[in-house]
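Visitor: Each chain is listed here by its residues.
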Amino acid sequence: MKTMAQAVQAAAAPPPFSVIGGFLGAGKTTLLNRLLAEPRAPRCAVLVNDFGDIAVDAALIDARGGETIAMQNGCICCSIGGDLARAIAAALDLAPAHIVVEASGVAHPGRIAAVARVSPELRPGRVFVLADAGALRAQLQDAWIADTVAAQLRAADHILVSKLDAQPPREQAAVIDQLAREHPAAALSTTDEVQWADLLAAVDARADADTAPADVDSDSPDAPATATAAAPDSHSPDMATDAAAPDSHTTAANIDAVPHARFVARTLRADAPIDLRRLAAYLKSHPDIYRLKGWAIDPADGKLKLLQAAGPRLAITPYPAGNTVADADTTDAGDGDGVGCDGGDSDSDGGGDGGVGDSNGIGDGDGGVGVGDSSGDGGGDSGGVGGGGDGVGDDGDGDGDHPAITTGILAILIGNQNLPPPAQILRALTPD
Amino acid sequence: MNDSTTVYQARRILTMDAATPEATHVAVGGGRIVAVGGAELAQRYGGDNVDPLFADMVLTPGFVEGHAHSMEGMIWKLPYIGFHARIHPDGHQVDGCATVAALVQRLRELEAALPADATLFAWGYDPIYFPDKPMRGDLDAVSAARPVVLFHSNLHLITVNSAALNAAGIHRGNVIDGVYVDADGEPNGELAEFAAVFPVLRAVGDPVFHGQDDPEGLRRFGRSCQRAGITTTSDLYNALEQPVVDMFAAVTAEADFPARIVPALSTLNLSPAEVIARSEALPARNHDKLHLGAVKIITDGSIQGYSARVRRPYINGVENGVWCDAPAKLQAMMRETHAAGVKLHIHVNGDQASELTLDALEDAIAKHGALARGRRHVLQHAQMMDAAQLQRAAGLGLLVNLFANHTYYWGDQHRDATVGPDLAPRMNAARTALDAGLDIAIHCDAPVTPMGPLFTAWCAVNRRTASGREHGRDECITAAEALRAITLGPANTLDLDDRIGSIAPGKFADFTALDDDPLRVPPMRIRDIKVRGTMLGGRWQGA
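Respectively, the protein sequence lines represent chains A and B.
So the first sequence is residues 1 to 432, counted in this note's numbering.
So the second sequence is residues 1 to 543, counted in this note's numbering.
Calculated directly from the structure, the hints in this document are not laboratory data.
C-beta atoms are modelled at their ideal positions from N, C-alpha and C, and glycine is treated no differently.
Errors might be hidden in some of the hints.
What follows is a set of in silico ranges between Cβ atoms, one per label pair, in the way DEER data are often shown [to be verified]:
| # | chain 1 | residue 1 | chain 2 | residue 2 | range |
| --- | --- | --- | --- | --- | --- |
| 1 | B | Met-524 | A | Asp-83 | 38 to 46 Å |
| 2 | A | Leu-60 | B | Gly-91 | 55 to 63 Å |
| 3 | B | Asn-154 | A | Asn-418 | 46 to 54 Å |
Computed footprint of chain B on chain A; a stretch qualifies when at least three of its residues, placed anywhere within it, have a C-beta under 8 Å from a C-beta of chain B [stated by the list, open to error]:
| # | stretch |
| --- | --- |
| 4 | 112-125 |
| 5 | 305-313 |
Chain A with its partners taken away, still in its complex shape (with noise of 0.2 Å):
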């Protein structure tokens, strides 16, 4: 009998093997259908649950059979249909660059992961984990759905916060300040963000990192990757929370060593004001960061405004009036704007106030906040994406499920492995 060491010894280095996990509804299938669709993707078999969910232009489709796609840009999506070992054996077969597989649902994708750390025919990939931003927090509060929607969140290395843009901004502060206390040790980033090129390129630093002998201890998925000392309820003034950057366990070489590896994500916080002339300023002279996205109150007037940046250029946009920060506490108790948990049965229309009808406009890295009414508060006018009223909003209640931006700054950054630690920005920015 040949084992199993011997026939890897003959094949070349094993495929890194990543995990995309997330709850229903979370946004899964977008995001493998924009792999398959992503020209500069490499040879990754795509393992997915229902091919019926598969839609990429008939374009980019090479040959279609029975269990598998093969798109043009090298992709073979493969459908587990029940049996994931029997896919994984059958992607194996086809000596793939990467294996990324879609966990249900439901699944724990950090078990199905774990397969990486054992088989000596795969390398540990990364583990994603959707959360839709729309969802999540009524998700979180779901005697259902709650323990498995975070146990998903805790198996991941990276987070990708989908339909953020869609949520109204105080929303999306919250969803996003609420993901970087939960889960430090992961990387944290938009799924609009990011590219597929920059997600494989995090695999194979990863993958490489994880094969170097003396990275194996730093790869205990319990450790953060950094010593933030991030004790989720603490606001001290100073603290900044850096978000597992991928790059973390990686070496510069390891890094240089492939082509789209120049990606981190990381998570800036802090309770102290800070002068957003100076971000602006900052970000013009660090091309490190390629793209920002935050939440801050202006020292200058007290506002909160919403920050955008795509490149050099930071857009700060102010919320329309009585939307501060200052009504968001009386506003937000009890009004339940709250999302519906996997778009069923979403017929309440008790409670909603409004607060996620204004939500059009968001977003496009331009700047343009297209903020409706959100004023109603009281009018019970519709309003809520459903759920209503069901506790599913912050019920100003104090506990912290909604960490409103009372001060200080909540940023997301996308840049290159030479984006300066989140402290060391923080300190730039702060006023002496």
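Starting from the known structure of chain A, arrange chain B on it as the hints suggest.
Guide: Chain B only, in chain A's frame:
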């Protein structure tokens, strides 16, 4: 009556039919019951002749196993090495391996008969019965060079020897969740879950002993049923791909195939629309021994696997279990298939899973009414349903099929390790269910536990654990109630109560012949009653 009618006399006939609860004679013609009653039947139908075949036996309606899997037949492709003795489908008893020494000895015998390159696979191992678990070292004593892989009785875990660990590349330096280790941190050979099991089967080969496409496996399943006294069984989770349907249709139609089978279509990987279409198309293949059309939805895992969805966390404090699909999707599947009139068997082990299901069905039934033709959805296992949930189920016109065998096989573990002493004795609440007005069935879930409806009835009547402990005494039911729960009750869950489940005129002549009367022996002896054979549609076969 024509001369093809035969009148059988039995020591006693327990009919499960209120009009004639007990009888001594039954007239059979054309594969069906013509009449049931006393000696007068001989004159009326037998030309004064009586067939004495059952003269010293007690007849009951043919037992109905409402929750089993045809895998019970397929699995015997591998040798059985479990703790308890088990009856091979061919009739011989395979002794249990009740000690580590006996297990190692059995495995050595099996190993000696294998060709040089083969892996030794076996199934039925259950570590809970061994204080000192047979682990890697014990299996190394079987063979140092040849991989040895034992599938646990739950089929989710394996225990392997060093050769198998080495082949898979598992060692103390890459231990992950699911790779169990000894006190020194070395993998001890027990492996759970996909990530740990995959590398082993990838390296040593997957014996694929649980496919559903093996005609000989299906025949073995039929024989296992017959020996247990079962004349109708479910096959409660089957993808029913076309070749499997063709095979089932052909094999069950064989004259000597000894059981009626009710497969339920698995919804795995199917959309509600696909499920509805297949459920409507499948009955075209039905005949007297094959009844397609029902659907099986699995919502959660198992309690002993800590994967049933429970409202109160397991006493190890970890988690509430695992959904098999997102709750919203599970509920949508139930609502949409119900709206289309599809009959559902719904696997609910934990009480949160039954809650989710009751919510969905309540909604669906309110909107669309009950199913046509008296069919009713069935909550399968329903192990943790409490009085309130059972009342809701009764109010909705649902049925429950309780996993009575769990009381014996895992009752001790449920008390000590899974849901704890507060809830464990309340599990499989047959008394509460009956008092709520539910018609219940009880089941074995073969191959998870062995087929044997009398044993299942014994469990429900006595509620003793494997260690002999009483386990929720107040949920015990009577022998008569238990007999109904292995005959007419499950017939009802399978929508065949108009044809099977009791001994009444017009029904199939399906009987189980016993060497004693389960209603009259001391309750603790019900499991000792021997099955002498079965009659299926008038055709007799000794056990």
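Visitor: Decide, hint by hint, whether the structure agrees.
Guide: Right, here's what the structure says about each hint:
1. Between Met-524/B and Asp-83/A the beta carbon distance is about 44 Å. The supplied range of 38 to 46 Å therefore holds.
2. At roughly 59 Å, the beta-carbon separation of Leu-60/A and Gly-91/B lies within the given 55 to 63 Å, and the hint holds.
3. With their beta carbons about 52 Å apart, Asn-154/B and Asn-418/A fall inside the hinted range of 46 to 54 Å.
4. Judged by the Cβ-Cβ criterion of 8 Å, the stretch 112-125 of chain A is covered by chain B as claimed, because 9 of its residues qualify and three suffice.
5. Coverage of a stretch by a chain is defined here by at least three residues with a beta carbon nearer than 8 Å to that chain's beta carbons; for the stretch 305-313 of chain A and chain B the count is 0, and the condition is violated.
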